[in-house]
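J.: So the protein sequences, as listed, match chains A and B. Be aware that the first sequence starts at 2, since it is given in the numbering used here, and climbs by one per residue. Be aware that the second sequence starts at 2, since it is given in the numbering used here, and climbs by one per residue.
Some hints could be false.
Heads up, the list lumps identical chains together, so a pair's fine if it works in one copy or across two of them.
Unchecked claim - Dumping the calculated DMTMM-like pairs for lysine to aspartate or glutamate here, alpha-carbon to alpha-carbon at most 25 Å:
| hint | residue 1 | residue 2 |
| --- | --- | --- |
| 1 | K185 | D155 |
| 2 | K96 | D155 |
| 3 | K157 | D26 |
| 4 | K96 | D63 |
| 5 | K96 | D16 |
| 6 | K157 | D139 |
| 7 | K157 | D63 |
| 8 | K185 | D101 |
| 9 | K96 | D178 |
| 10 | K157 | D101 |
Source of the hints: derived by calculation from the structure; they are not laboratory data.
There are 2 protein chains.
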Amino acid sequence: MTSRSQSAISIQLPDWSADLIAGTDAIFPTPESRMHLAIRLARMNIEHGTGGPFGAAVFDMDTHALLAIGMNLVVPSSCSMAHAEMIAISCAQQKLGRFDLGGTPSRYELATSCEPCAMCFGAIPWSGIRHLACGARDADARAIGFDEGPKMSDWKAALESRGITVETDICRQGAADVLQQYAKADGNIYNGRHA
Amino acid sequence: MTSRSQSAISIQLPDWSADLIAGTDAIFPTPESRMHLAIRLARMNIEHGTGGPFGAAVFDMDTHALLAIGMNLVVPSSCSMAHAEMIAISCAQQKLGRFDLGGTPSRYELATSCEPCAMCFGAIPWSGIRHLACGARDADARAIGFDEGPKMSDWKAALESRGITVETDICRQGAADVLQQYAKADGNIYNGRHA
Numbered sequence: 002m003t004s005r006s007q008s009a010i011s012i013q014l015p016d017w018s019a020d021l022i023a024g025t026d027a028i029f030p031t032p033e034s035r036m037h038l039a040i041r042l043a044r045m046n047i048e049h050g051t052g053g054p055f056g057a058a059v060f061d062m063d064t065h066a067l068l069a070i071g072m073n074l075v076v077p078s079s080c081s082m083a084h085a086e087m088i089a090i091s092c093a094q095q096k097l098g099r100f101d102l103g104g105t106p107s108r109y110e111l112a113t114s115c116e117p118c119a120m121c122f123g124a125i126p127w128s129g130i131r132h133l134a135c136g137a138r139d140a141d142a143r144a145i146g147f148d149e150g151p152k153m154s155d156w157k158a159a160l161e162s163r164g165i166t167v168e169t170d171i172c173r174q175g176a177a178d179v180l181q182q183y184a185k186a187d188g189n190i191y192n193g194r195h196a
Numbered sequence: 002m003t004s005r006s007q008s009a010i011s012i013q014l015p016d017w018s019a020d021l022i023a024g025t026d027a028i029f030p031t032p033e034s035r036m037h038l039a040i041r042l043a044r045m046n047i048e049h050g051t052g053g054p055f056g057a058a059v060f061d062m063d064t065h066a067l068l069a070i071g072m073n074l075v076v077p078s079s080c081s082m083a084h085a086e087m088i089a090i091s092c093a094q095q096k097l098g099r100f101d102l103g104g105t106p107s108r109y110e111l112a113t114s115c116e117p118c119a120m121c122f123g124a125i126p127w128s129g130i131r132h133l134a135c136g137a138r139d140a141d142a143r144a145i146g147f148d149e150g151p152k153m154s155d156w157k158a159a160l161e162s163r164g165i166t167v168e169t170d171i172c173r174q175g176a177a178d179v180l181q182q183y184a185k186a187d188g189n190i191y192n193g194r195h196a
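Just chain A, with the same shape it has in the complex (with noise of 0.2 Å):
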C-alpha cells in the first residue's frame, strides 16, 4: 500500500447543495421547516442520482439557524459509513473545529428524513447533539427493502437515558413518500447481506 492512499478519508458533498443551500432561508424556526430541508435533501440526493434517499441537518437552537446539511453519500463517496446523520454531524463538528457539539448550554438538534438505523444511532451520543428530530419511521424505510440494522427495539429511551431528547413523526408522511418515490425509480438498496 502507498502512505498516499491510507492518508485521509475525504467525502464531498454534491455541487448542487451549495446552491440549494444559497436558495435556502437561513433561519428554521419551528420543527415542520427543519424537517422540510432534511426532506428536501432526501429529494435532491435522489433527482440528482447522488446517493440514497435520505437527508438531514444539524441545527442551532438558539439561533434557529443552519449549522450542516448531510445526505446519503455511501454509493458516491464509496464509504458505507456515509449516512446522512453521519455526514451532518461529521461536517458540523469540522465546521465548528471541535468533536463535541454538547456542552452548556446544550443548543444542536439533529433533524434527519428517517429514523437512524443501528450505526447512526449509536453515533448519537458521541455527536453532542441533544435532540433527535425524524420524520418517517424504520418501518418506512424496511417497506421499500432498506434495513436499519440489528438496533434495541427500546433505542429511543436508550437516547433519552442519556439526555438526548427525540421527536418522531414529524412530517412522516413527506419523508416516506421520498422512499416511496426512490423505489419507484428502482433506486439502489444496499444492505448488509445477510448469511
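For chain A, the structure is supplied; the task is to place chain B on it using the hints.
T.: Just chain B, lined up with the frame of chain A:
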C-alpha cells in the same frame, strides 16, 4: 455558511502511521500477528499524542495482506465518528473504490484492539466485513472510564446472525495494557455526557 466550509469531510491519518506501515511485515498470517498490529497502532497513537488508545486494521484473508489501518482520531480530526474501526473501514473502502467489502468471496477481517462501541458495532454490518477480531473487552475500556454507548448485550449474536463471525480475547492483555498506559498518562477520556 459558506459553501467551502460545508463542502467536504476530511480526516488525515497521522504522519507516523505511514512510517510504521513502511517498516511492517507485509503479511499477517496469524490472528495474533494481525492483533499485534492493531495494538501497536493504539500504542503509537497515544505515544504520539494523536488520539485515543484504540487501533484497528483491515486484512485480506485470502492473502493475509494488510489493506488499511485506523486509529482513534476523534480529537485531532474534530469528528466524534473517527473511531479506529470507522477509520480502518472507510480507508479500506475508499482504497478499493467501493462501499461494500463483502461479496463472494467475502474475505476481509477487521481486527480491533478493543471490542466495538455501539456506533462501530452498528457500522460493521454495512461495511461488508465478514470477520471481526477483538483484543480488549468492553470491560477493559470501561475500567479506565470509556463508555461503549448503548450497545445491545447480545451484540456478538446480532453480528453472527448477519453472517459476521466474531472472535474475542485475542491478545487481550496486551490490548488492555495500552488502555492502562493511556489512563496512567492522564489521557483524555471523552464520552457522550449523561443527563
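J.: Are the hints correct? Go through all of them and say.
T.: Tested hints:
Taking the closest pair of Cα atoms, K185 and D155 never come within 25 Å of each other, the shortest separation being 31 Å inside a single copy and 36 Å across copies. Taking the closest pair of Cα atoms, K96 and D155 never come within 25 Å of each other, the shortest separation being 32 Å inside a single copy and 36 Å across copies. For the identical chains of this complex, K157 and D26 are neighbours neither inside a copy (30 Å) nor across copies (46 Å), given an alpha-carbon limit of 25 Å. Taking identical chains as interchangeable, the C-alpha atoms of K96 and D63 lie at most 25 Å apart only when both belong to the same chain, with a minimum of 17 Å there against 41 Å between chains.
Taking the shortest alpha-carbon separations for K96 and D16, both the intra-copy value of 18 Å and the inter-copy value of 23 Å come in at or below 25 Å. Both within a single protomer and between protomers do K157 and D139 lie at most 25 Å apart by alpha-carbon distance, with minima of 12 Å and 23 Å respectively. For the homomeric pair K157 and D63, the shortest alpha-carbon distance inside one copy (24 Å) is at most 25 Å, but the shortest distance between copies (41 Å) is not. For a Cα distance limit of 25 Å, the shortest separation of K185 from D101 across copies, 24 Å, qualifies, whereas the shortest one inside one copy, 39 Å, does not.
For the homomeric pair K96 and D178, neither the shortest alpha-carbon distance inside one copy (31 Å) nor that between copies (35 Å) is at most 25 Å. In the homo-oligomer, the alpha carbons of K157 and D101 lie at most 25 Å apart inside one protomer (21 Å), although the nearest pairing across protomers, at 29 Å, exceeds that limit.
Hints 1, 2, 3, 9 from the list above are not met by this structure, while the remaining hints are.
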